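There are 2 protein chains.
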Amino acid sequence: MSGWSAPTQDTLFVLNDVLKITESDLPGYDQLDEDIVQAVVEGMGKFCGEVLAPLNPVSDAQGCTRHEDGSVSTPEGFREAYAQLIESGWNTIAMPEEFGGQGMGHVLGTVFEEYMNSACASFMMYPGIVGGATSTIISAGSDALKEAYVEKIVSGEYLATMALTEGHAGTDLGLMRTKAQPQDDGSFAITGEKIFISGGEHDLTENIVHLVLAKLPDAPAGSRGISLFLVPKILPDGTRNAISCASIEHKMGLNGSATCVMNFDGATGWLLGKEHGGLAAMFIMMNAARLAVGVQGLAHAEHSYQRAAAYALERKQGRGMGERPDPSAAADSLLVHPDVRRMLMDARAFAEGFRALVLWTAMEIDRAHAGDREADALVSFLTPVIKAYGSDRGFETAVDMQQVLGGHGYVKEWGMEQIVRDARIAMIYEGANGVQALDLAGRKLAKDGGAVAMRFAALVEADLKDAPEWIAEPMARALGDTREAAGWMLENAGEDPNTLGAASYAFLEMIGVVAIGWMWVRMVAAVEARDDGFAEAKRITARHYAQSTLPLTSALRAKIEGGAQNLMALPEDAFLRA
Amino acid sequence: MSGWSAPTQDTLFVLNDVLKITESDLPGYDQLDEDIVQAVVEGMGKFCGEVLAPLNPVSDAQGCTRHEDGSVSTPEGFREAYAQLIESGWNTIAMPEEFGGQGMGHVLGTVFEEYMNSACASFMMYPGIVGGATSTIISAGSDALKEAYVEKIVSGEYLATMALTEGHAGTDLGLMRTKAQPQDDGSFAITGEKIFISGGEHDLTENIVHLVLAKLPDAPAGSRGISLFLVPKILPDGTRNAISCASIEHKMGLNGSATCVMNFDGATGWLLGKEHGGLAAMFIMMNAARLAVGVQGLAHAEHSYQRAAAYALERKQGRGMGERPDPSAAADSLLVHPDVRRMLMDARAFAEGFRALVLWTAMEIDRAHAGDREADALVSFLTPVIKAYGSDRGFETAVDMQQVLGGHGYVKEWGMEQIVRDARIAMIYEGANGVQALDLAGRKLAKDGGAVAMRFAALVEADLKDAPEWIAEPMARALGDTREAAGWMLENAGEDPNTLGAASYAFLEMIGVVAIGWMWVRMVAAVEARDDGFAEAKRITARHYAQSTLPLTSALRAKIEGGAQNLMALPEDAFLRA
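Note that the protein sequences, when read in sequence, are chains W and C.
Counting in full-length UniProt numbering, the first sequence runs from 1 upward without gaps.
Counting in full-length UniProt numbering, the second sequence runs from 1 upward without gaps.
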């Protein structure tokens, strides 16, 4: 049965025809013409298909091993693949030229992220945080730290981690206990236990640079008392720092990624950013990580879609009710069954629409880096949506695609159930999706009285003017529901402090529905003058989205306007069964 | 962390206050008074909590083992637990007295099914088919077969399987190749390979009775040429039949259940029902199995809800925006967060509403067995809904409850991810959920021009008259959407043969939404005169359902009225990525 291959045609369509990246004068984009873009996209696809994809089933079956000395082995083939990755240079494509990267912009970097995650999601976890970690060190680190670490992380010689969570403090970082004691030489001694550290220990690089949240002795209580530190596994003098991996988790999936409990026993580290300013420094990294998680949702959706589509075409079961491809055959392909198509069309509509959205957002990030503050605000507004809506739909798509395979979808050897297990974590880590919803409703929507949300709505609306009625009309209705819901939330937030929290998840889903719908409007416009098969498929898929997904906003709006009162009414103890 | 305990209070509420089973004069119900019902329900809960629940994590970690001689060992403790089950007699509670059962009716049998599935779903797979198998043999078997097998299956001395699927023929049974050759003594020699046979081989009972679909030499093509046979592992003379387990599957979950590839090499069997009438005979068993799968969805929802509720109450993270239970604490329980409550209230609303629905349906089955043809038609109409909507929402609830645990939900030792993996198969087996939807829309709705559907709607409507407006009004709207959608489907089915298939899934979801809403109306009525905490919790949960779930029907109706044309428009090859 077929596995995954890079969806280069669709990627190139978004880059060239929708975003028109080769016409942009953003920094780094001047290197790009259509030939280079094609060569890069195809090269990245080839690397991921040939080097990473074969590791995916192996890594799931084998997992990681922690040895008695605390060292951790990654699955067979990961070391060689990592060496090939560095050799290929694809890992540095979006990295700043100043530190040895190729500076081609986030758009192409995001394409590579999608492909790596589709090919082998657990492998991708090791380099996954590199972009965010380098941004953090560049913007918050001293010159000495930048010089010592950034180039080596960019090149792939070192890898990095994000060490935030503690056993009793997940989302609520203010509760953390890890301590940082100032030393005479300006360094800090870090002591504490961190859990759920992806790639906390492994055998891919000699050094691992941990970015660790901890509290200084004079720290104010809560999340305003947290500082961020750079704590390397190997110190500059070549000795081992006082860091050890106490254990690795046994998880539902993503088995090739070592999820570590890490002990810091007076380990030497250096401050990143200001004292007690760790949260701000961390959010540079966290926002990058959240967007990356959304891309994982895309990758799982695309990978599972490809397997299910191939299966549906090959598998002969039942007979169609309408025109049959071969009336004399005992059975037709699964594609004659409308309900099988429903699942596959849902998957296409999400994967292609969401690909456009994450690549559009990546380009906005490049705009923001070039100083465009409106782009920055839009990225900030959409970050929780991309993280949560993307990972929710990515998981759901994988579950639907597993369904297309029937019983084979549940059996390990067919590879579908692994995608479901691997995809599940994306809804949880880097801020559980409910936390993303609260960020959107409580911070991004309410903070400025809805101003960014209005700008987003205006952008969408502007593109509806020239759109064909079959998509413009349901989009306008969905946008109207969203505006009404946002207005209702802002009006009622003062009266009941739980209003925004109660409405948050449905509101995030509405923005997700509308944002992807917007991308379909733009894609339909991009193929307006074409009548080839690709253009026709885009129109059919867009229409499916308009008919199946856009109507959801009315139910979401009704949910929101139900308010918080009844949600908060049940006494806490009544949640337990008598 | 707490695991599962039997939700006896809620069960007893449904049995006594909603269904009033002790007041019914249905056969077998005359044995029941409230004391007996309470003793039975609590006894079943105690058995499942003490004997089965401890096996659940062990069975997942250990799975089943097939040995070189083709024998299969179940996980540690299953043999002892199975012996205790037979000893307890709970397994025979709903079985016909004529064959050694206790004849107390399907309602109490269904309670036991729920509890067993919550406690250890993979264990439940072994006795899971017993009810359907005995019904099939009783109604389709010769007197000799009945005498030889039914009592031994009822008592638990033998177990049974359903052997339908072949490698190339899943849903499409007409394609099957297994052959049955008539022998001179009236028996048949069965030859072929069956896959996905739950409990095809194991060490719990000496004999295993396979109910096998096969084709006679003169069989017409397709599904009208299938016959059903009883094929025991051990023949009446004590010798082994020519049946062997070729392998067991490695699956996403339900590891304690041995899913076997079974070879029949001229095995001796006897006809059940008429020649070429296997499909009808099989559907006796299949309908029972489908309802049982719905009960699995309930069980997974309840089990995961209990774990998540306990975690949410214990785990202190973040501070509430409204009134805080303890303003001086550094953090509150997760229950102060509206979005955490959203997930838990969704889970309650589904689990409690669906419990009422499956127990109501079980009582209708008892009515149908007593000769009530309207009850029979209603059960037949709701069977695909209970199977598919129940397993979909059961899985989704488990996924949501996993989310409440954050990162711990993804780690094996917390027990939540196992529920998700175990729950996933329910959407696939015994007819994938898309097949259920087609059964509902194509057979149950369209066959009689919508007559049963109208009767169902009339029953619901009758209960809305006395309901409070806060639930009567949204229920009436949901019912209106459903009627409009059904009307639209019936009107358009003639024009485009794919109409019903395209609409089927959304229609099934609508019926599920309305049927559970109906049960909430009835539960609200049952606590009308009470103002204790239990009654208040019922009203709060009902209101949550009315606000959050009932509005979905408008979006589902819009989806349905989108029609089939665009869904079928994409050429088959265009589903593959270029």
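Simulated from the structure, these hints should not be mistaken for lab results.
Be aware that one or more of the hints could be misleading.
What the hints assert, rightly or not - EDC-like cross-link-like pairs, simulated, lysine to aspartate or glutamate; straight-line CA separation at most 16 Å:
hint: 1; chain 1: W; residue 1: LYS316; chain 2: C; residue 2: ASP573
hint: 2; chain 1: W; residue 1: LYS316; chain 2: C; residue 2: ASP143
hint: 3; chain 1: C; residue 1: LYS316; chain 2: W; residue 2: ASP35
hint: 4; chain 1: C; residue 1: LYS316; chain 2: W; residue 2: GLU166
hint: 5; chain 1: C; residue 1: LYS274; chain 2: C; residue 2: ASP172
To be verified - Label pairs and their computed distance ranges (CB to CB):
hint: 6; chain 1: C; residue 1: PRO327; chain 2: W; residue 2: GLN181; range: 25 to 35 Å
hint: 7; chain 1: C; residue 1: ASP573; chain 2: W; residue 2: GLU374; range: 41 to 51 Å
hint: 8; chain 1: W; residue 1: PRO54; chain 2: C; residue 2: GLU536; range: 57 to 67 Å
Predicted model, so just to flag it, every value in this text is computed and none were measured.
Cβ atoms here follow ideal geometry from the backbone N, Cα and C, with glycine treated the same way.
Verification of the supplied hints:
no. : hint                               : verdict
1   : LYS316(W) to ASP573(C)             : holds, 15 Å
2   : LYS316(W) to ASP143(C)             : violated, 40 Å
3   : LYS316(C) to ASP35(W)              : violated, 55 Å
4   : LYS316(C) to GLU166(W)             : holds, 13 Å
5   : LYS274(C) to ASP172(C)             : violated, 20 Å
6   : PRO327(C) to GLN181(W): 25 to 35 Å : holds, 32 Å
7   : ASP573(C) to GLU374(W): 41 to 51 Å : holds, 43 Å
8   : PRO54(W) to GLU536(C): 57 to 67 Å  : holds, 58 Å
Hint violations for this structure: numbers 2, 3, 5, all remaining hints satisfied.
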